[in-house]
Amino acid sequence: MKIVLRLIFYGTFIVPVFGQVSAQELDRTARDFFETWIVKQDLDTANSFFDQNSISNQIKATARSKVAPDINVSQWTKSVLRMWLLQDHGLVNKLGHGDPNDPRTLQVSFVGPMVKFESLDQALEKPAGTDRPYTIDVVKPDIFPWVKETEGEFWITPLKFKHVSGDQVIVGWSAKNGKIVAFTWLIH
Amino acid sequence: MKNKGFLVALGLVLALQGLSVSAKAWEEDFHYGLTKWLAANAGFCPPHAEAVAVYAIAPDDDPQRNALELTKRRIIPLGDVSASRIVSRWHFPSLIDVPARPTERYVCSGCDQARSIFVTAANPNQQNPLLVFGEGLHLFQDSWSHEGVPGTIGLRDNIFWAHPELRGGPLRHDADLTHLYPYSALLSASQVYLAMLTFLNRYQRYACIPPERWDDIKADVENFIEADSKLKKRRWFDDTRVMYSRKDFLDRVNLPER
Chain A
1 MKIVLRLIFY GTFIVPVFGQ VSAQELDRTA RDFFETWIVK QDLDTANSFF
51 DQNSISNQIK ATARSKVAPD INVSQWTKSV LRMWLLQDHG LVNKLGHGDP
101 NDPRTLQVSF VGPMVKFESL DQALEKPAGT DRPYTIDVVK PDIFPWVKET
151 EGEFWITPLK FKHVSGDQVI VGWSAKNGKI VAFTWLIH
Chain B
1 MKNKGFLVAL GLVLALQGLS VSAKAWEEDF HYGLTKWLAA NAGFCPPHAE
51 AVAVYAIAPD DDPQRNALEL TKRRIIPLGD VSASRIVSRW HFPSLIDVPA
101 RPTERYVCSG CDQARSIFVT AANPNQQNPL LVFGEGLHLF QDSWSHEGVP
151 GTIGLRDNIF WAHPELRGGP LRHDADLTHL YPYSALLSAS QVYLAMLTFL
201 NRYQRYACIP PERWDDIKAD VENFIEADSK LKKRRWFDDT RVMYSRKDFL
251 DRVNLPER
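Heads up: the sequence lines are chains A and B, in that order. Taking this note's numbering, the leading residue of the first sequence gets 1, the next gets one more, and so forth. Taking this note's numbering, the leading residue of the second sequence gets 1, the next gets one more, and so forth.
None of these hints come from the bench; they were simulated from the model. Note that the coordinates shown come from a computational prediction; the quantities given were computed from them, not determined experimentally. Note that the Cβ used here is the ideal one computed from N, Cα and C, for glycine as well. Some hints could be false.
As the list claims (entries may be wrong) - In silico contact screen, one side only, chain B against chain A (beta carbon under 10 Å); selected entries: (1) A58; (2) D60; (3) L95; (4) P99; (5) A100; (6) N158; (7) R172; (8) S229.
Stated by the list, open to error - In silico DSS-like pairs for lysine-lysine, Cα to Cα no more than 30 Å straight-line: (9) K230/B / K78/A; (10) K230/B / K162/A; (11) K162/A / K232/B; (12) K232/B / K116/A; (13) K126/A / K66/A.
As the list claims (entries may be wrong) - Computed from the model, here is a short list of chain B residues facing chain A with C-beta under 7 Å: (14) P77; (15) G154; (16) L171; (17) T240; (18) M243.
Let the hints inform the model, and build the full structure from the sequences given.
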């Protein structure tokens with residue numbers, strides 16, 4: 001295994017990198033994912049960035065109903081990605097707002113219309129103190145209890161869409177394979 | 001005359017306390033819009049009614065107190081307990097301090113913790129009672145929309161604050177939407193109105209007109225609560241004939257357009 005070790009400044013963090021995916025590579029992967037998801041709105045390709053096993057474990061670990069463990073993970077991730085691309089976010093909430101415990105959640109894939117974005121800068125609020133639409137923050141590996149590969153580093157990229165108030169998307173990445181191992185959001 | 005109106009309103013609001021509710025945090029239609037409308041009806045002079053409403057939304061506007069910002073920047077990545085305490089102090093009043101299991105940190109509506117900020121407006125040496133009162137209303141109002149056991153998403157559960165499971169859970173906006181929890185919204189509005197009347201009785205310099213009786217405005221409040229789309233909320237605010245400095249505040253509400 002090739003070991004990469006360096007320190008890189010990302011957002012407010014000095015990121016030590018041990019593993020197969022460097023912080024720079026992760027940054028490129030994250031941008032590619034965000035462009036594919038938000039600007040190109042190619043949800044099939046965006047879906048390939050997810051580690052489906054980890055996301056399945058996430059859903060099971062946080063399940064609060066009998067619905068969630070049986071949900072089709074790939075369909076769920078696609079419908080969740082679509083949530084912040086729709087013009088009427090109130091309608092999204094009416095359909096369960098991506099909650100895997102709500103059987104209406106997958107219906108988000110069948111409603112419209114969508115918002116079009118020419119760039120990530122147009123779509124996303126820039127975090128304070130940065131000139132980028134998102135930051136990459138290193139976190140302790142135990143932050144995602146459902147991820148089995150606990151060695152190495154994990155990153156999170158928080159996102160906030162300009163047209164949706166009260167939602168903060170959190171994307172969790174594994175430094176081992178550069179895949180998305182956690183995808184959730186905060187509401188207020 | 002003013003005192004008589006206050007006492008009548010007080011009695012009616014106290015009667016509402018017997019309602020059984022479960023609750024969660026409101027959005028800008030409540031924190032700003034309804035708060036201003038209630039303040040105008042309670043007798044605040046127009047500039048002071050506007051100030052109370054702007055102060056009531058301030059804990060959401062301020063990145064140092066905004067629950068999302070603190071959770072995103074400090075609670076989740078750093079496990080920052082002090083940030084969790086700030087979120088609790090301004091949005092999730094609870095008898096139990098963090099860190100603690102969510103089931104131990106029940107968020108209590110209208111309790112002493114929920115009143116802990118705005119009641120200090122009555123302190124004799126208070127320099128800016130209107131500011132303290134208005135900002136304190138935010139926590140008081142949120143105590144109904146966030147009432148219950150905080151929901152969890154599997155991250156930092158012992159310091160994480162979110163919408164309660166019994167009000168739609170942490171992954172959706174349900175807890176903040178008045179039409180889904182009408183009893184909570186009505187009780188919250190009535191208690192805020194009572195707090196305003198009490199405040200004006202203490203600080204009469206902020207009052208310009210006698211207060212309306214709660215019974216006379218209750219139906220309007222119920223119509224506000226029942227409005228389940230942005231269009232209906234807009235119509236309600238258009239009919240109030242109250243001026244709002246924030247023209248776009250309904251744009252940020254998570255209701256369907258129609």
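Evaluated hints:
Taking 10 Å as the C-beta contact cut-off toward chain A, the hint placing A58/B at the interface is violated, the least distance being around 14 Å. Annotation: interface hint on D60/B holds; nearest CB of chain A at approximately 8 Å, less than 10 Å. Residue-level restraint check for L95/B is violated (minimum Cβ-Cβ distance to chain A is 22 Å; threshold 10 Å). Of the supplied interface hints, the one on P99/B is violated, with its beta-carbon coming no nearer than about 15 Å to a beta-carbon of chain A, more than 10 Å.
The interface hint given for A100/B is violated, since its Cβ lies 18 Å from the closest Cβ of chain A, which is over the 10 Å cut-off. For N158/B, the shortest C-beta to C-beta distance to chain A is roughly 12 Å, which exceeds 10 Å, and the interface hint is violated. Interface restraint check: R172/B against chain A, minimum CB-CB distance 4 Å, threshold 10 Å, status holds. The beta carbon of S229/B comes within 7 Å of a beta carbon in chain A, closer than 10 Å, and the hint placing it at the interface holds.
Between the alpha carbons of K230/B and K78/A the distance comes to roughly 27 Å, so the proposed pair stays at or under 30 Å and holds. Only pairs whose Cα atoms come within 30 Å are accepted, and K230/B paired with K162/A is accepted, the gap being roughly 18 Å. At roughly 23 Å between alpha-carbon atoms, K162/A and K232/B fall within 30 Å of each other, so this suggested pair holds. Taking the CA atoms of K232/B and K116/A, the gap is near 27 Å; set against the 30 Å cutoff, the hint holds.
Restraint check for K126/A and K66/A: not satisfied, since their Cα atoms lie roughly 38 Å apart, outside the 30 Å limit. Checking P77/B against chain A: minimum C-beta separation of about 5 Å stays under 7 Å; hint holds. At about 4 Å, the closest approach between the beta carbon of G154/B and any beta carbon in chain A falls short of 7 Å, and the interface hint on this residue holds. Among the interface hints, the one on L171/B holds; its C-beta lies about 4 Å from the nearest C-beta in chain A, closer than the 7 Å criterion.
Checking T240/B against chain A: minimum C-beta separation of about 22 Å lies over 7 Å; hint violated. Hint on M243/B is violated. Least Cβ distance to chain A is approximately 23 Å, over the 7 Å limit.
Of the numbered hints listed earlier, those contradicted by the structure are 1, 3, 4, 5, 6, 13, 17, 18.
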